[in-house]
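In this text, residue positions in the sequence shown follow my numbering: the first is 1, and each later residue adds one.
Careful, some of the hints might be misleading.
[Said to hold, decoys possible] DSS-like mimics (lysine-lysine), calculated; alpha carbons at most 27 Å apart, straight line: (1) Lys569 - Lys392; (2) Lys146 - Lys125; (3) Lys205 - Lys223; (4) Lys205 - Lys250; (5) Lys125 - Lys169; (6) Lys169 - Lys135; (7) Lys278 - Lys227; (8) Lys125 - Lys139; (9) Lys273 - Lys250; (10) Lys411 - Lys218; (11) Lys81 - Lys59; (12) Lys569 - Lys555; (13) Lys169 - Lys146; (14) Lys193 - Lys146; (15) Lys482 - Lys146; (16) Lys169 - Lys139; (17) Lys81 - Lys278; (18) Lys278 - Lys460.
Treat the hints as calculated values from the structure; they're not laboratory data.
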Amino acid sequence: MNNPGIAGMLHQLADYLEIEGENPFRVNAWRRAARAVENSRIPVVDMLDRLENLPGVGKGTAAVIREMATTGTAQVLEDLKRRIPPGLPVLLGIPGLGPKSLHLLHRELGISDLRDLVQAAEEGKIRNLPGFGVKKEQKLLEAIRKLGSRPNRRLLAEARQLADVVLRKLAGHPAVVRIEPAGSLRRGKETVKDLDFVVATEHPKEAGEAILAVSEVKEVTAKGDTKITVELEADGIRMSADFRLVAPEKFASAWLHFTGSAAHNVRIRQRAKELGWKVSEYGISDDRSGEERTFASEEAFYRALGLPYIEPELREDQGEFEAAEQNGLPDLIRPDDVRGDLHMHTVWSDGAETVYEMAVAARERGYEYIAVTDHSRSLRVAYGLSVDELMKQWEEIDRVNRELEGITVLKGAEVDILADGSLDYPDEILERLDVVIASVHSRLGLDEETMTDRILRAIKHPYVHIIGHPTGRLLGRRDPCKLDLDRLFRTAADTGTILELNADPRRLDLGDQLLRRACEEYGTLFVISSDAHSSAGLDRMAYGVITARRAWLEKRNVLNTLPLAELRKRLRKGRP
Numbered sequence: 001m002n003n004p005g006i007a008g009m010l011h012q013l014a015d016y017l018e019i020e021g022e023n024p025f026r027v028n029a030w031r032r033a034a035r036a037v038e039n040s041r042i043p044v045v046d047m048l049d050r051l052e053n054l055p056g057v058g059k060g061t062a063a064v065i066r067e068m069a070t071t072g073t074a075q076v077l078e079d080l081k082r083r084i085p086p087g088l089p090v091l092l093g094i095p096g097l098g099p100k101s102l103h104l105l106h107r108e109l110g111i112s113d114l115r116d117l118v119q120a121a122e123e124g125k126i127r128n129l130p131g132f133g134v135k136k137e138q139k140l141l142e143a144i145r146k147l148g149s150r151p152n153r154r155l156l157a158e159a160r161q162l163a164d165v166v167l168r169k170l171a172g173h174p175a176v177v178r179i180e181p182a183g184s185l186r187r188g189k190e191t192v193k194d195l196d197f198v199v200a201t202e203h204p205k206e207a208g209e210a211i212l213a214v215s216e217v218k219e220v221t222a223k224g225d226t227k228i229t230v231e232l233e234a235d236g237i238r239m240s241a242d243f244r245l246v247a248p249e250k251f252a253s254a255w256l257h258f259t260g261s262a263a264h265n266v267r268i269r270q271r272a273k274e275l276g277w278k279v280s281e282y283g284i285s286d287d288r289s290g291e292e293r294t295f296a297s298e299e300a301f302y303r304a305l306g307l308p309y310i311e312p313e314l315r316e317d318q319g320e321f322e323a324a325e326q327n328g329l330p331d332l333i334r335p336d337d338v339r340g341d342l343h344m345h346t347v348w349s350d351g352a353e354t355v356y357e358m359a360v361a362a363r364e365r366g367y368e369y370i371a372v373t374d375h376s377r378s379l380r381v382a383y384g385l386s387v388d389e390l391m392k393q394w395e396e397i398d399r400v401n402r403e404l405e406g407i408t409v410l411k412g413a414e415v416d417i418l419a420d421g422s423l424d425y426p427d428e429i430l431e432r433l434d435v436v437i438a439s440v441h442s443r444l445g446l447d448e449e450t451m452t453d454r455i456l457r458a459i460k461h462p463y464v465h466i467i468g469h470p471t472g473r474l475l476g477r478r479d480p481c482k483l484d485l486d487r488l489f490r491t492a493a494d495t496g497t498i499l500e501l502n503a504d505p506r507r508l509d510l511g512d513q514l515l516r517r518a519c520e521e522y523g524t525l526f527v528i529s530s531d532a533h534s535s536a537g538l539d540r541m542a543y544g545v546i547t548a549r550r551a552w553l554e555k556r557n558v559l560n561t562l563p564l565a566e567l568r569k570r571l572r573k574g575r576p
């Protein structure tokens, strides 16, 4: 258990106590303990015998923290979970509802879940409670409807996680010659509705039995000789999944077909028809001769249609056929093109590991360099660094660079763009940093003109290298800011400011369509960053790369594919 994980459980404990109507002093004691753990520069697991040294942590809270650190939970938290109706804490995800409000709603109206809440609001019962009123009641209903209108899709990373569990269990089964993911997961879409697998087998009955025996199968929707549909669940992720069972010689055709997209497949069928052929998920047939053709690979299938291989990420009928016909498909960026990661956080702000630990983990991934970019001083919720703390961090980075071979740690910061467009550190600090990422973290609801001018001021700043997660979106949770993106893209290109593709699966910001537009229309340069808060988070880079591929980006479009010497030269370009 790391500090953020323990602090999260302490906050949850405080929320549950507040929902129960506990004494505010006791609730605040747990919140103070949570903040103490969050603020600690030392991992809690390394100071279990001196937890009382943390401000706001007494003997009782220390015992619970120790239990959380060693077991991953605490009895007091588990008892609260059993006492509170399970549908009640879920309502904390609705904007405008906090623990105190939920306690009042539960005590006065017996509300225990979302259905109760909607019914009470529609019947006008909530408006009469203290602190609510007609306007807040209507805002609650609007927030609920907005949440309900969001499609039931999972983040790409969540879908990948669940799919990998299944693939590991089935890949080595004797009846399974080959199994691969297909559908929107394979095409790398940022969210995925359901999973598709194509299974090559000479023994479909045995392969089907193996699929149904996977412990993650929670429900069987349909079972046939060539298709099995189930509900899968692991680690709280539940998705529907289709398994298509085909003979090995038909695997390539089926894999291509079930990868899609539907629009891409329509173009495939049209092209085959022009040649007098008919395409199905099992191959190509010639209506005149009756000949049926199967293929050893997708590359061979495309060649039969007179086309070069089209990468799965491009299969959206968004110009890939026209480019293929003119031999103009992009040489897409690949994971091993990335030489370093320029956006990550450490224990100096809201990260979970030290500069040294992040550097070692990056070196293990084959990186040549990283930039440590902890938050600036105004972002108190993420324990942003004061100028004095930043300078102390520079001393640590110098020590790490002396100690470690094979990787270089650059001095960076993720600097807040304040409401008026000014930056959170003075210029005399910014000019000394190797990498300056300017990001918006507050007041995201400003009107388009104000928000655009705010970010443009940062783009034009002589010491800003990168604009972090430019639209501020969180997939499924927060819409993008209102921005004149054409002005942003044009100004970034004119000033040489780099735009980030933030690879956090909850962000993927900029998204593929905006990346492609900025690249093709304005010639903007990008960086793909993990925004990691732990060494495991460095692996997010894969989701950034696949999003870049969907945007038709090549190695030359991405800053952190450069070797270190060229990177330094590019970062100095245009500076006073």
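* **Hints violated by the structure (numbers, ascending)** => 5, 6, 10, 13, 16, 17 and 18
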